[in-house]
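S.K.: Dock chain B against the given chain A, drawing on the hints supplied.
Protein chains in written order, with numbering that gives the first Met the number 0: chain A, 0 to 246; chain B, 0 to 270.
Keep in mind that the hints were calculated from the coordinates and are not lab data.
Computed from a predicted model, the values in this text were never measured in an experiment.
There could be a bad hint or two in this list.
Stated by the list, open to error - Here are the simulated distance ranges between beta carbons:
| no. | chain 1 | residue 1 | chain 2 | residue 2 | range |
| --- | --- | --- | --- | --- | --- |
| 1 | A | R227 | B | S97 | 43 to 49 Å |
| 2 | A | N213 | B | G110 | 57 to 63 Å |
| 3 | B | R174 | A | E214 | 23 to 29 Å |
| 4 | A | K215 | B | D206 | 34 to 40 Å |
Unchecked claim - Some residues of chain A that are not near chain B, with every Cβ distance over 12 Å (derived):
| no. | residue |
| --- | --- |
| 5 | I10 |
| 6 | E27 |
| 7 | D33 |
| 8 | E40 |
| 9 | E63 |
| 10 | E88 |
| 11 | S102 |
| 12 | G142 |
| 13 | Q143 |
| 14 | D156 |
| 15 | P159 |
| 16 | G161 |
| 17 | Y206 |
| 18 | V218 |
| 19 | V223 |
As the list claims (entries may be wrong) - Partner residues aside, some chain A positions facing chain B, computed with beta carbon under 8 Å:
| no. | residue |
| --- | --- |
| 20 | H136 |
| 21 | I138 |
| 22 | R140 |
| 23 | N158 |
| 24 | G160 |
A virtual CB, placed ideally from N, CA and C, is assigned to each residue, including glycine.
One-letter residues, chain by chain:
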Amino acid sequence: MENPPIMTNAIAIKGTREGLTITLGSGELGAILDDLARHLETQGAFFRGGNVALQTDELVLAQEDLSRIADLLGRHQMVLRTVVTPNEEMRQVADALGLRVLSPEAAEPQPAPRPQAPVAAPSAARLVDNTRASLIHQIVRSGQVIRGTGHVVVIGDVNPGGEVVAGGDVVVWGRLRGIVHAGAVGSNAAMVCALDFAPMQLRIGEYVARPADNEKRKVTYPEVATVRDGIIVVEPWTGGARGKRAP
Amino acid sequence: MTRVITITSGKGGVGKTTTTANLGTALAKLGKRVVVIDTDIGLRNLDVVMGLQNRIIYDVVDLVEGRCRLRQALIRDRTLDELYLLPAAQSRDKSAVSPADMMRVIAQLRGDCDVVLIDSPAGIEAGFRNAVAPADEFVLVTTPDVSAVQDVDRVLGILEAEGRGETRLVINRIRPELVRRSEMMGPDEILDRLNVRLLGLVPDNEDVLVSNSKGTPIANDARSLAGRAYHNMARRLMGEDVSYLPVLVRRKSIWERIGLWKRSARSGAGG
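The following block holds chain A by itself, in its conformation from the complex:
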């Protein structure tokens, strides 16, 4: 299904065997989005149900703007799956939203086995990116959600009402008071550790734990949580590679 490319100065839309590639040009973001919305309005039915790869070249989008594009595509029943960018900052933004990230070289010659891969959930192994970690240098405040497909390291506190969701491990160099979900794609081998470990709720893979209702903590050392024999176990961090076991 090679569609004739649609070109304007702001965007280019190209149909490929895997789905749709939308290339964002340079210029003011508002204008680009308007242009995209107009194309989807007129030709949306044609592209419906497809997976979309967004090629951003040197353009760096804020996380809200990328979500807006994903929402816009969603309204036309398209799913934003991939962001193709050479820019490291843009990679992190896309990664935080749980999107696949490709560099332009990798994106080009991709032999797709079938047109339009089925929308079934990819296996956990493919979604967890154990080679990548996001470093979050901030307080995760109430209402904020940090997402990463790989490991997530927070330098700062995770306050009550804040949330960290990671495909891999979660490390909090600070006080953990919010909600953490490590191994969020079903990896029970993930671990969570914090200097001051007092999460509101803790999830590792498919397991959920919360502190006892009447727990009075007087702990002053770092702790680590892992799944062992079907339950989440929290124990003092004593150094070494403790807690991390083979999946």
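M.R.: Quick look at chain B alone, frame taken from chain A:
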């Protein structure tokens, strides 16, 4: 240069309006020209706390919709010549003004006064957006309740994510006995969690409630502890280094001391 400061909290009922009225009063007493604005459209209160409710002719919605000029909508305080109120409309709702409308109103005030204090409604929706849009800096109000602290944390997160101006915290209604017995979060614990600069501490005090219902902000009463707390906050806002009132170390009254002595005597006799 005019400073535009929005007073907000996330949670309702923690004392945003009381803080606005009292900071406004205290700043005016320092000789500043102050305009306080109520953005809680549909649930206006600031006029009542300042005792100006019977003088309202035009409100902020009239101003935005062009039925009056700015000068006509501003109401001068009963006692302070340099303190003005721009009241909210009572018969409309938050959708009657937009953030852009608020920016235009504030633009008219810039240069004409020293400080603009904007009293935000509770929540983080449209009304909050209106109040926050034109501000240069923010005063966040919380009580020692965990829920109020968590809501301020949420608001701080929003303001930080948008890269807005400086934020400072007022901790309202502190109950020293409860903090001492560690049954309530103390100021240190709250500041530690929120990682924000402290503007002031206000003890829980009946006088504040009484003066609110009389329509005379407690900051008019320099003898009360709460009144002094607001004066100190005003001076800190103006860049002065003022030490904090000892709200946590309350001296026991003679009656309490006798009471304690009696109680201990009785328990001694019983044991």
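S.K.: What are the numbers of the hints the structure violates, in ascending order?
M.R.: Violated: hints 1, 9, 12, 13, 14, 15, 16 and 20.
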